[in-house]
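Number of protein chains: 2
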Amino acid sequence: MGLKSFFEPASVAVIGASTKPGKLGHEILRNIVEAGFKGGIYPINPKADEILGLKCYPSIKEVPEGVELAVVIVPSKLVPSVIGDCGEKGIRAAIVISGGFSETGKEGGEIERQMIETAKRLGIRIIGPNCQGVSSTSVGLCASWPLVKAKGPISVISQSGTVLAALACWAIEEGMGVSKLVALGNKCDVNEIELLEFLANDPETKVIALYIEGTRDGRKFVEVAREASDKKPVIVLKSGRTAKGAEAVASHTRSLAGMDTIFDAAFKQARAIRVGGVEELYDACKGFACLPHPKGDGVVIVTSSGGSGILATDACEGLGLKLVDMPEKVRNTLREKLPPACILRNPLDLTGSATSQMYDDALTALEAAPEVHSIIVIIGDPMPGITDVISKHFGRGKVIVPVMLGGGEAEAVERKKLQKIHIPVYPSPLRGARALAILRRYAKVKGRGGT
Amino acid sequence: MGLKSFFEPASVAVIGASTKPGKLGHEILRNIVEAGFKGGIYPINPKADEILGLKCYPSIKEVPEGVELAVVIVPSKLVPSVIGDCGEKGIRAAIVISGGFSETGKEGGEIERQMIETAKRLGIRIIGPNCQGVSSTSVGLCASWPLVKAKGPISVISQSGTVLAALACWAIEEGMGVSKLVALGNKCDVNEIELLEFLANDPETKVIALYIEGTRDGRKFVEVAREASDKKPVIVLKSGRTAKGAEAVASHTRSLAGMDTIFDAAFKQARAIRVGGVEELYDACKGFACLPHPKGDGVVIVTSSGGSGILATDACEGLGLKLVDMPEKVRNTLREKLPPACILRNPLDLTGSATSQMYDDALTALEAAPEVHSIIVIIGDPMPGITDVISKHFGRGKVIVPVMLGGGEAEAVERKKLQKIHIPVYPSPLRGARALAILRRYAKVKGRGGT
Chain A
39 MGLKSFFEPA SVAVIGASTK PGKLGHEILR NIVEAGFKGG IYPINPKADE
89 ILGLKCYPSI KEVPEGVELA VVIVPSKLVP SVIGDCGEKG IRAAIVISGG
139 FSETGKEGGE IERQMIETAK RLGIRIIGPN CQGVSSTSVG LCASWPLVKA
189 KGPISVISQS GTVLAALACW AIEEGMGVSK LVALGNKCDV NEIELLEFLA
239 NDPETKVIAL YIEGTRDGRK FVEVAREASD KKPVIVLKSG RTAKGAEAVA
289 SHTRSLAGMD TIFDAAFKQA RAIRVGGVEE LYDACKGFAC LPHPKGDGVV
339 IVTSSGGSGI LATDACEGLG LKLVDMPEKV RNTLREKLPP ACILRNPLDL
389 TGSATSQMYD DALTALEAAP EVHSIIVIIG DPMPGITDVI SKHFGRGKVI
439 VPVMLGGGEA EAVERKKLQK IHIPVYPSPL RGARALAILR RYAKVKGRGG
489 T
Chain B
39 MGLKSFFEPA SVAVIGASTK PGKLGHEILR NIVEAGFKGG IYPINPKADE
89 ILGLKCYPSI KEVPEGVELA VVIVPSKLVP SVIGDCGEKG IRAAIVISGG
139 FSETGKEGGE IERQMIETAK RLGIRIIGPN CQGVSSTSVG LCASWPLVKA
189 KGPISVISQS GTVLAALACW AIEEGMGVSK LVALGNKCDV NEIELLEFLA
239 NDPETKVIAL YIEGTRDGRK FVEVAREASD KKPVIVLKSG RTAKGAEAVA
289 SHTRSLAGMD TIFDAAFKQA RAIRVGGVEE LYDACKGFAC LPHPKGDGVV
339 IVTSSGGSGI LATDACEGLG LKLVDMPEKV RNTLREKLPP ACILRNPLDL
389 TGSATSQMYD DALTALEAAP EVHSIIVIIG DPMPGITDVI SKHFGRGKVI
439 VPVMLGGGEA EAVERKKLQK IHIPVYPSPL RGARALAILR RYAKVKGRGG
489 T
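So the protein lines, in turn, are chains A and B.
Residue 39 is where the first sequence starts when you use the working numbering, and the numbers rise one by one after that.
Residue 39 is where the second sequence starts when you use the working numbering, and the numbers rise one by one after that.
Looking at chain A on its own, in the form it has when it is part of the complex:
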């Protein structure tokens, strides 16, 4: 069986659904309902008749209709028999949220072994156990927390539920949305390798974010990640870089963190792009979700803030992006269009007197310059009308990376407007430049990228 039943099930049972708000078995059922899942939803709880207006069954075996996916939130020692019941019911996919398995020691490990044995025998695939579940926005399935429903192009595979949730929360807050979120947990069966393969072929996923603490089959990982990277960007945050971090990994998911340099080499070979933190992971996803691939290294910075332009310059230079000399032709055009106080270099400093019209003139002139591939547009002051200007030039071939800071309430209004039409906005010169550098790195490893 493939993994489709996890992401597009016709129906779902919540085994261990609870009547009590605040309990996971209640919150997850509610999230499935509130995210708008259209298929059958079956709460399973022997002590309740109804939860959240849905008829409740004492056992999965009593559900009269067919069930495709089980979400399991019962104490670990009950899980092997629950999986057995699922098999009898014809279910072939189960997300086991419950903890209390191998992560807790020998006894839990034995329960996990029994569960896997039962699942294997009955042909049931398992995500988890000890995980934060799965979301799939295209079918309104949120078998996880917090509530996620905004559809978007980012998919995430994560060995940490919190990293998963953080990316989702930020993506939702910024109107970006997500496609598929998977918390790996103990990955007793389905692991990051198989999921990478699945998401690589998922037309709704444009970029894959991966948080891992280790992998059990490095060779296979490299092979699959490389194939995935040929199709779409794969961004990896791998923890356990330091000695103490590696020790913590061993306690957390019993993964062998291994020598960090080996992972570096493996990611390179896999053409996956490694990042250093959760925010960098998100910023990169946001860029890939919304921006085209830069066709070369040439960057121009356009700014109303001289200081921010210099900070962006330092960041670009440090990240291997190339600030091109302002092309003579652009300079001549702009000399006629812009007030004399503007500094017609790179960064192009429109000064604190900048207006949206001046940004428009600058972007129009730069669009015609073949040596310019990307434009970091820094708006460092309240700038009414800037959304119209950026959206006009967006998607005309150059990569436009908007950065907004210091503009107060007027800025918040324009930022929301841009995010609404899926134009990403970065909160600082460094974060904008870093996202652009990652976009460029991917374009280069893909060989799409000119020089």
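Keep in mind that the hints were calculated from the coordinates and are not lab data.
Hints are not guaranteed to be accurate.
Claimed, not checked - These stretches of chain A come out as covered by chain B in the derived footprint (C-beta under 8 Å, 3 or more residues): (1) 182-188; (2) 201-213; (3) 311-320; (4) 341-349; (5) 459-472.
Here the structure is a predicted model, which is why all the values come from computation and not from measurement.
Every residue gets a Cβ at the ideal spot worked out from N, C-alpha and C, and that includes glycine.
Chain B: place on chain A using the hints.
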């Protein structure tokens, strides 16, 4: 004259006040009114009778009462004579917002020279020209934009108006507030050195953030910054690190960026702490504003998210903080208090089943451990009641650094509550750890810091 008239004037004139919303001369007048300035406010504009309900005068000389501070927003060529009028009126402090001076070339340079000459002759001190103004929340003065009124312990000196405004916007958004904000502009008279000296002795300022592109008197800067650092932390963001960045500095404020390594050495000698970006600058200020100085290197991470705990571990290790082995006594206490699934190491992993009560137990046990100086508390799930727990343990001697991510709406509620009582919350393990490392660095250079 000292600089007090810039920050605590009895009255202020806005020379070049405008009737038109959107124009700087209007916005700044409005911000002065809206920030709640209690002294006399005198708009000067020969073509208007009244602006925003305030009587307008054709010239500063016509104002019947005495005026302490002038805010000047008229075209540059008029500024020298305006400064002359200010002198006649007895004004000894002027903030010149207008651009069109030395930053634009020779002609503007000549106007700047005339302005300085007049000011020197009349004993007028000038901040600017070509700057984003000054805010001083204790007297409700916002001669700048955007509107700033929330009082707090952070003061900022910045050669970039946008960096200044970005810090202020973030501080306001997070309920932190600011004390004094100064945009240096061309710093034709008052410069970062004199302001550092002033803010070092300002009882309302607990931490000084500094963004500079260069300094004209390195020796004096080091001397004054060192004296300031003895009194309170001085955090510096210096741009122009790279060759292209240094070129951009030369165009922007005509500062000589100089060899970056020289600045590094100078900051070290001055005991100022250098940071790498605007967010890091803000995160450090936030930490100094609200947290005590760590009394040693020993850090424990308490987390509901195993993955985030490992990311924090990597960050701490990389930043020179020392993750202590979980003290045996704490481990024994917690073994009785916490569920067996918790991992009683460092990071202390409360697992996804964490509750506020478990955080309380953990913090109580850690408080008694002398080898623990700081605790990074990561909340990676919705955690009702966590504000009460953190505020209970806050200020009991250990440095508590809360990090929240992935908790959706429930998290936003608790974060707001914490910010309201001036407990800082960091949005990722890396940002929390980085802020703590900077706190620790300062404690060490101050010699307060144990080993």
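Consistency of the hints with the structure:
1. 182-188: holds (count 3)
2. 201-213: holds (count 6)
3. 311-320: holds (count 4)
4. 341-349: The restraint on the stretch 341-349 of chain A holds, since 8 of its residues have a Cβ under 8 Å from chain B and three suffice.
5. 459-472: holds (count 5)
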